[in-house]
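*Asks:* As a plain string of letters, each chain reads:
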Amino acid sequence: NAGVTQTPKFQVLKTGQSMTLQCAQDMNHEYMSWYRQDPGMGLRLIHYSVGAGITDQGEVPNGYNVSRSTTEDFPLRLLSAAPSQTSVYFCASSYLFGQTKGYTEAFFGQGTRLTVV
Amino acid sequence: AQSVTQLGSHVSVSEGALVLLRCNYSSSVPPYLFWYVQYPNQGLQLLLKYTSAATLVKGINGFEAEFKKSETSFHLTKPSAHMSDAAEYFCAVRGSGGSYIPTFGRGTSLIVHP
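Read top to bottom, the protein sequences are chains F and Y. Start counting the first sequence at 1; every next residue gets the next number (our numbering). Start counting the second sequence at 1001; every next residue gets the next number (our numbering).
In isolation and in its complexed conformation, chain F is listed as follows (with noise of 0.2 Å):
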């Protein structure tokens, strides 16, 4: 069971330049978004997924885009990169689970870190 699978695990880009960081999960899971973790400021939210054909902003969505045409896959672009994001990015998957469907677990790739210079 490979879990929540990120590609690729490090990119260096110029900036201006565009990319696209993938994200992949083999649970079925309903929830997917995607964090940023700086130092000394945790992880901090993107964009998540509620399923597929339905996004939503996080906490700091600019700079990127999401897409969700399938419940596996949740990849997050970026248009046109900026030193600012250089960060290590993570995706999670998570489901609801629980008398109510009112609990989560998220579960997490093992991070991509990208520099922008």
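It is worth saying that the hints were derived from the structure and are not from the lab. For every residue, glycine included, the Cβ atom is placed at its ideal position computed from N, Cα and C. Mixed in with the good hints there might be a few duds.
[Unchecked claim] Residues from chain F that face chain Y, not an exhaustive set, calculated with beta carbons under 7 Å:
| # | residue |
| --- | --- |
| 1 | E30 |
| 2 | S33 |
| 3 | P39 |
| 4 | L43 |
| 5 | A52 |
| 6 | Y95 |
| 7 | T104 |
[What the hints assert, rightly or not] If you want the ones that stay clear, here's a sample from chain F, every Cβ over 10 Å from chain Y, calculated:
| # | residue |
| --- | --- |
| 8 | V4 |
| 9 | R44 |
| 10 | T86 |
Put chain Y on the given structure of chain F with help from the hints.
*Replies:* Just chain Y now, kept in the frame of chain F:
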């Protein structure tokens, strides 16, 4: 909106000493709380979760956390630190607005000295 505050960006203990990592939450509804651990160059993995079934929650690797509503706290403890416990620890709360996406604290780096 739900949020968590982790007190102390770094905690340093000696091997064998008590580990105490602090987390306070702010929530307008009964919170669902989590602790995650991140080892160097890895993703986050769940340590334990509070789902209102019991106030004292036991997790993996000997960690536990106690939910105290009167103090709005969910501190993480371990009686005896091991070198392998050195990692970044994150407290998280279930998101609001129906998304259920967790909101994370800023993290506490646990340093274990021999």
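*Asks:* Take the hints in turn and mark each one as holding or not.
*Replies:* Comparing the hints with the structure gives:
1. E30: 10 Å, violated
2. S33: Holds - the Cβ of F:S33 comes within 7 Å of chain Y, reaching about 5 Å at its closest.
3. P39: Violated, about 9 Å.
4. L43: Result: holds, 4 Å to nearest chain Y Cβ.
5. A52: 16 Å, violated
6. Y95: Violated - the Cβ of F:Y95 stays beyond 7 Å from chain Y, reaching only about 9 Å at its closest.
7. T104: At 5 Å from the nearest chain Y Cβ, F:T104 passes the 7 Å test, so the hint holds.
8. V4: At roughly 8 Å from the nearest Cβ of chain Y, F:V4 sits no farther out than 10 Å, so the non-interface label is violated.
9. R44: 8 Å, violated
10. T86: 16 Å, holds
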